[in-house]
Amino acid sequence: MKIVFMGTPDFAKESLEAIYNAGYEIIKVVTNPDRPQGRGMKLKISPVKEFALEKGLDVVQPEKVKKNEEFIDSIRTLNPDIICVVAYGKILPKEILEIPKLGCINVHGSLLPKYRGAAPIQWAVLNGDKETGITTMYMDEGMDTGDMILKEKVEIGENETTGELWDRLSKLGGRLLVKTLQQIENGTAPREKQGENFTVAPMLDKKMAKIDWENKNAKEIKNLVRGLNPIMGAYTFLNGKKIKFWKVDVAKSNEIMFGNDSPLRNGTVLVSDQRDGLFIKTKDGILKVLEIQGENAKRMQINDFLRGNKINEMEVFE
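In this note's numbering, the protein residues as written are 1 to 318.
FYI, nobody ran anything at the bench for these hints, they're computed from the structure. It is possible that part of the hints are untrue.
Claimed, not checked - List time: in silico PhoX-like cross-link candidates among lysine-lysine, alpha-carbon distance up to 20 Å: (1) 210 <-> 283; (2) 193 <-> 247; (3) 42 <-> 66; (4) 101 <-> 44; (5) 130 <-> 94; (6) 101 <-> 130; (7) 216 <-> 206; (8) 207 <-> 241; (9) 241 <-> 310; (10) 151 <-> 207; (11) 153 <-> 2; (12) 247 <-> 216; (13) 101 <-> 28; (14) 206 <-> 242; (15) 153 <-> 179; (16) 153 <-> 171; (17) 219 <-> 252; (18) 114 <-> 44.
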């Protein structure tokens with residue numbers, strides 16, 4: 001089975017590595033162009049490209065795939081049996097979808113039809129879901145609308161972050177892709193239509209990272225913090241300075257004696273102590289801060305942060 005693999009981030013690299021180790025013939029790897037990153041804006045290659053070069057695989061990095069006849073013709077000339085697409089970052093045109101005789105298949109980070117779109121893993125955490133998983137599917141011209149092949153479900157930990165879930169699902173995706181290819185090769189792969197009851201998982205917006213103390217309860221803020229870790233971090237302001245929260249929890253009743261009916265404003269610091277930690281009033285419940293980052297500073301455990309940074313009780317996060 002001749003395979004063209006298309007993918008870019010570490011999530012995709014796990015799938016590429018899985019099919020490589022399974023002995024499949026990978027005739028071309030397609031990934032996004034190198035991009036400048038970091039303070040020095042040095043060109044950085046994708047994890048998929050890094051792995052492909054290490055294994056001596058042929059790599060191509062088109063700036064675009066739509067209306068790119070040279071690229072499309074080059075894929076057509078390869079005559080692949082199947083194209084595997086994992087977090088590539090570009091929508092494939094019909095001309096590419098029609099090339100492989102066994103179709104184009106995708107590894108998607110949710111239990112379709114839930115969470116169609118660019119950020120299914122992040123939204124599962126942001127919404128406080130208890131479970132998610134991986135779906136492999138045949139691709140069509142829609143956004144994650146193709147027929148489903150295999151699914152595998154996982155539970156989401158109560159304190160699990162997007163980064164932690166991403167790592168787990170990336171490895172699961174690789175294993176499920178190999179299983180999917182084996183079944184397609186043997187002619188035993190199932191094919192199931194998606195229902196119409198779906199949720200859209202759009203790209204994350206930086207505006208959503210600001211904590212809404214007035215309208216969100218402790219659990220919702222915790223899910224925001226988990227969901228944006230390590231992508232951008234949820235933030236707030238204290239005395240005009242930007243503060244990021246990287247890890248929080250909902251305080252238990254025996255940890256602090258303030259009730260939810262307190263007349264204090266939401267966002268008020270109830271406890272700030274090097275030993276006991278930092279507790280903040282929310283619309284419903286009390287937030288316990290565990291890992292924090294001051295403006296122009298590094299991430300720190302809350303006790304270490306409070307040793308060198310003063311946060312006064314009754315101050316209000318904005």
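* Any hints this thing doesn't respect? Which numbers, in order? -> The structure conflicts with hints 2, 3, 4, 5, 6, 10, 11 and 18, although it agrees with all the remaining ones.
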